[in-house]
Every structure is written in C-alpha cells, then in structure tokens.
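Number of protein chains: 2
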Amino acid sequence: MTQGIRVPGGITTPKGYRAGGVAAGVKRSGRPDLAIVLSDRDACAAGVFTTNLVKAAPVLMGMETILARPSAIRGILTVSGTANALTGAEGIEDNRSVLSAAESEFGLPAGSLLPACTGVIGTRIPVDRVVRAMPSLHGSLAIGPEGGEPAAHAILTTDTRTKQAAVRVRLHDGVVVKVGGMAKGSGMVAPKLAPPHATTLAFLTTDARASPGSLGTILNRGIESSFNMVTVDGDTSTNDTVYLLANGAAGGEPADRDPAFAEAVYSVLLSLARQVARDGEGATKLLTVKVTGARSVADARLAARAVAGSMLVKAALFGADPNVGRLAAALGYSGARLDPNRLDILLERPRGALPLITGGRPARQLENGGGMRVRDILRQLDEVPITIRLHEGSGRATAWGCDLSYAYVQINAAYRT
Amino acid sequence: MTQGIRVPGGITTPKGYRAGGVAAGVKRSGRPDLAIVLSDRDACAAGVFTTNLVKAAPVLMGMETILARPSAIRGILTVSGTANALTGAEGIEDNRSVLSAAESEFGLPAGSLLPACTGVIGTRIPVDRVVRAMPSLHGSLAIGPEGGEPAAHAILTTDTRTKQAAVRVRLHDGVVVKVGGMAKGSGMVAPKLAPPHATTLAFLTTDARASPGSLGTILNRGIESSFNMVTVDGDTSTNDTVYLLANGAAGGEPADRDPAFAEAVYSVLLSLARQVARDGEGATKLLTVKVTGARSVADARLAARAVAGSMLVKAALFGADPNVGRLAAALGYSGARLDPNRLDILLERPRGALPLITGGRPARQLENGGGMRVRDILRQLDEVPITIRLHEGSGRATAWGCDLSYAYVQINAAYRT
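Line by line, the protein sequences are chains Y and V. Going left to right, the first sequence walks through residues 84 to 500 as our numbering numbers them. Going left to right, the second sequence walks through residues 84 to 500 as our numbering numbers them.
Hints are supplied without guarantee of correctness; some may be wrong.
Note that the list lumps identical chains together, so a pair holds whenever it fits in one copy or between two copies.
[Stated by the list, open to error] Below, a list of computed lysine to any residue pairs in the SDA-like style, where the Cα atoms sit at most 25 angstroms apart:
#	residue 1	residue 2
1	Lys110	Arg447
2	Lys110	Asp459
3	Lys368	Asp256
4	Lys110	Arg444
These are computed hints drawn from the structure, not numbers from a lab.
Isolated chain Y, as found in the complex (with noise of 0.2 angstroms):
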C-alpha cells in the first residue's frame, strides 16, 4: 500500500479550500468564536455524529443536510462558545439564521453550509452578534495556513493548542492528492461510540474525488480506531462531529476504492485523535494503550479504553506512581475475555520494554511497594506507551487516554461561569 507523506498544514491543505476564523463575540473572553472552511466548487460530504440522545440543533441539522443533498456541500461554518443544545426549535431557527448569513455572505446556495457548534449546553447562539461578524468572517477568508491557522483557533473552547494535520498520498493513478483536516477536543471526549458515531469536532477536506457513500464508509471505518479510541473523560458531547468533505480539485479516477486513499484519510484522523487525547482537560501526560492477544478485535478495543480512561489509572498517571494493580484492574471490569494468570504488561521505552505485570504478577521490582525507578522514569514521560499482552488470541487494538489533573477539576469546576 502506498504510505501517505505527512505534510505541514491542515484543513486548507488539499487544492481548492479556504478558511477563516474571527471573534464575533459569541466568547466572553473575546477569543475567536467563528470559524469557516470553503471548497471552490461541490464537495461531496460524509459526516458522523454523536450517539447522545440529546443532540444539539447544529448536529441534528448537519445530520439532515448531508441526507439531502450528499454531492452538493460548499463549506462548514462553526461556532464556539455555545453548545446550541438543549435550545429546541429556536435553537435550530437562530442556527438556521447564521448558516443564511454566510451563505449569503459568501454568494453560495441556500443549504449548502453544514453548522457546527461546541460550547456550553443550554445557551443559544447571540445571532446579530455572529450575523454582524460576516463581513470580517469574509475578510479573514484564505488560502493555506493563512486561513487555516485562524479557522483552527476559532473552534477551539478549552483546548490549549490547535489541533492540525495534513497527509499528501500518490494514488493508483499516478494522480498526487492531499487529506487536510483540523479538530477541538479537550473535555467531554468519550470512548464506547460505534460508527456512526464520533467524539468530539473534527473537519476534514480533501481534493481527491470520491463518492459519498464510500466517503461515509472510509471516514466510519477511520474513526472506529482513532477518535473512537480516545477518551478524556468517559462524557459524551451533544455535539460531537466529524465532517469529511471531497471536492475533486486534484483531478484523476475515482479515489474511492483506492487503499492508499482510505489510509491517508486514517492518518490524519489518528493524527487529530492523537492531539485531541493529548491536550485533554489539565492533560500533563499522553496515555497510549496498546493490546494485543485479545480474543477479538472488540475485546481489545474494550480492554485498551477500560484501562485508558480508568479514573484511578489516570490519577496514578498524574503522580507518576507505578500503582500496576490498577491497570490489571481496568482490564478485569473492561468485559474482554481475559485469564488475570496469564496477563503481561510492559511500559515501551526506546531500549526495549519495561516489565510491569509478568504472567499475571507484578514485576519483581515493584513488589511490595518498590518501583521508585519506574516512578522515575515516568515522571520523565510525556508520553506513556503501554503494552498489554493477553494470551487469548489475534485481536490488537490502540486507545489514547490523558492523567486526571487538578487542573481537569479546576476547568470543570467552573467552565461555564
């Protein structure tokens, strides 16, 4: 398969996007709040949603406007600051307002706009402040990281970076096309979501020409391991979005059945996934938790994000304490099928793996309360790469978890006010 290269930049990477982002006033803090992302011509769209039963107005009217008319997208309009949920029918008449507005601002057809929103749950869009932001929305529209930079800002909430990554494939074809993508994460990111079913926001482009319906069925696929498997705090949004717009500037065949396609749209969702885990609420630490040996798939998948998003796991993280009994005890409830006797757990490091669980046993150097060379070196982690070995079978998976922090507790404590 060829490997795709990744490449600096993001959403407006790929041929024929542009981007803005701007302050509309939607934040109190004055912070960006608006952001757009524009293909030249027709894109076709896929996207997946939150399995909430509460769905916020944005996800339920990008849920219909991507039923209606799949082939036909121009762009994604997002505002933070506000979830939009909980706001019923003038919830979805102010998004409504807003979606108009650009659309008008930005000469393109009526319904051609998908919203998104991320905030907090139970305040309405402020729509004359967004409506009256238009024209500068329209002044901050460029190609490159010139727009892609402030539209990644702009959707961010409790996020302390952006999140950006873009990958440049050479198709069956001969035909070089480019994925782009950028995403916001940082707290009510949760794991247990099956297609079609995403965490958190995340928007991709790309100028590869496909159909929706494979691109619904790369993009479903791609998110199962990736923002699938990242959890920060076990909450699941009103709002979670993933979009995935192609719009076919780069020419060639149809990208759709190409492999390398599929595999470079999963890069950059792993990419995204990855900085979405890392930049969690009060995150100090990344969490990578690798299973292998599970008796399926699902057991493994079940196994990693038991023990990626434990509490007591997370918490142990913070103190670099190597309290590995919680690990085993993560895997023990996770509900994968699993023989305590046989388990094997081992800490990645660049000279080969640390021991911390052997055939079932902590390793011999942490029994009893010793370990103060693991804590050591775990203090010095920023990432921490856990192996867990099962014994039961093929199945392999990857979850990406963040420490509970005081931090996290501080930002939830008093995020809305």
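Since the structure of chain Y is provided, determine the placement of chain V on it from the hints.
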C-alpha cells in the same frame, strides 16, 4: 409492612456478635488494619462479590467458603492495607495462614472464618506480622460498640470516617430482631454491577433465624438498589465483598419470608451505601439522583447512575456550578430511552423543588449564563438531591454519588507511596 427502627450501633448490635480491631503493621501509617467479627454460634451466611475478572485471593476464598459451609460460619477476618490481589497461589496461601492463625487463636473450627482484604493491588499480606497480632486482636474483642467501633475503624483505607448502621424490627411472630453492619468505601467504587455482584466492603450481621438460600436472595435484592447504585469513580474493584451473617440468637420463627426482615436488611444496606457515597475520596458533597417516569426500572437505573457518575457533573458540583446541560448530556448517553424535549430536572429543597430544566429547556433563571441564585444554593448544600422526570413510564430508581474535587486527584495520584 412493619417498619424497622434505626438504632445506634453497627456490626455488634445484633445478639451474639463480638468484634475487635487492632494495628498489625500492615499499613505503614500504623493505623488499625486487622478486624474481626465473631458470632458466638454457627451462622448462616450469604455473600456477593465483585464482577471483576481479576479477583483478589480473599474473594475467591470467600466464595468457596460460603459454597462449602453456608450454615456453619463463625465470623469475618479483614486485613486492610493490602488487596492481596495479583498475588497468585501465594496470595491464597498467605490468606489461609492468617485465617488458620485466627481460627486457632479464637478456638474456631477450621474453615469457619470468611476473609476480606482491601488496599493496594499487587501487594501480599505480611503474614508474620498479622499472625503475631492475633493475641492483641483477641484482647480487643468486645460486645457492643466497644467491639464494633474498633472493627469499623480497622477495615478503612482512605475513608475519612467509619460507616455503621443498625436497625431493630419486630417480626410477624412478635420476636424483635436486629440487623447491623459496617462498610468501607472511598475509592474504586463503581456502578454497572448486577447481583450477585457487589461494590466495596460491607458486612452485615443479624440475630434473626434464616436459611442461607433466602439470605442470599434478600442480600442480592437489597444490593441492587443500594450498593449497586453508588458510584465514586467508576472503577470496579478486585476486592468488592458484601457478607451477611444470620446467627438466630434472637430466637423465634425463621425470618426468611418476613418482608419486615428483608426491609430491615435493605435499610442497613441503604444507610451504609449512602455513607460510602458521602465519604467518596475527596468528596465534599453527597449527590442523590432520583429518576422517575422511566420506561422501566432498568432504564431508571441507567439514567440515575449515568448522572451520578458523570465526571463533568461531579466537577460542576464541586464548583457549585449550575451547568445543568451536563445533567441532560449524561442522561442522553446513559442508554435509557427518553425524549429530550420532555425532560424535567429539579433541585429538591425543603420548601419546594427548584426547576433546573423544564420540558428539555434550561429553566428561565439559568438561560444564557444566569443562575447566581442556584449557585448560592448549591454552595450551601452538603447533600444535593436531584429529581429527574422522564415522562416515559413508571420506572423509578435512585443513585448516589459525590463531587469530584482536587482532593480526589491528590489521594489517587499518590495513594500507593
């Protein structure tokens, strides 16, 4: 139904029980870590145990003992400060040694004591120290609170207070029986368990006459609506154990089918479960979530547990932040069937409930960042009673949880060392 009456006391309140507790040197802190509860005659016993596949040695042994001699149990020996989990065959051997030493010290038949442990996973029992402490444990044995209090202290780990409860009830044949109990909780306390599965450690005694089979049924039913509805951190322990002993010392007819007896057992379980939730690691507030109008009891339980267990709800509660959208989001991903537009959520108050969400929309005073009054009310409450009405049917359930504080992170970032 005859209502049981709450009386002061705990595990030694029913007739024929003595208890004691001492420091054997398992905990480095020097705090009490060895507890015994003894019946002066053979007792029938029932037990419920963790569903975690990684089961501690005392859990495996407790299950076996109850199966082997359900009508000839003489007591419970608890070691706190070590979980004796992930300790393989040696862990079983260690536990057998300390049980034998106790049986010999107290002149009991071999195999008549039930074991329990709680503490760090992956550490073994310091057998020599525990065996050496037996005479001192014997010396601490006493009836009434003089024995019950030290025992209730010695089973604790990160708990900040003992958890005890006792009830007196007159059965249909006129005989008065008592039910008493003690528990420990604090961390690794999780929902999503079904009988015969428990959380935390809780031991109940009664002087009623009952058969092991019916004791088991009464205990399983009681657990469903008490301990299985408590969540502190969503982590299911390797050591969860609930034991119920009935020694018949009060005389009278078998209490097996007397609903007043089952009600008295439930009443003690409920009191202990609430005490465990209230004393969750780092907790400053008890959260009580009552769900009514669910399609089924199972739906009501899912909904209540999701709200009580949501990290974002718990963090908001710690900050007294009336971020009511998080309650709705938790309901939306709980798995319970509901229509978001018919959702009512209220904060119960002595002088009448305060609406937080009405018909799926934030109450007027909470719209667009309001709610200083609700914040002031939340700040002053030690116990936050939330009622959720789904308007879908007649299923009801209550769950208990606590807030998520800086102290939770602190305790769990450095619990082990």
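Structure-based check of each hint:
no. : hint            : result
1   : Lys110 / Arg447 : between (53 angstroms within a copy, 21 angstroms between copies)
2   : Lys110 / Asp459 : between (41 angstroms within a copy, 24 angstroms between copies)
3   : Lys368 / Asp256 : neither (42 angstroms within a copy, 63 angstroms between copies)
4   : Lys110 / Arg444 : between (51 angstroms within a copy, 21 angstroms between copies)
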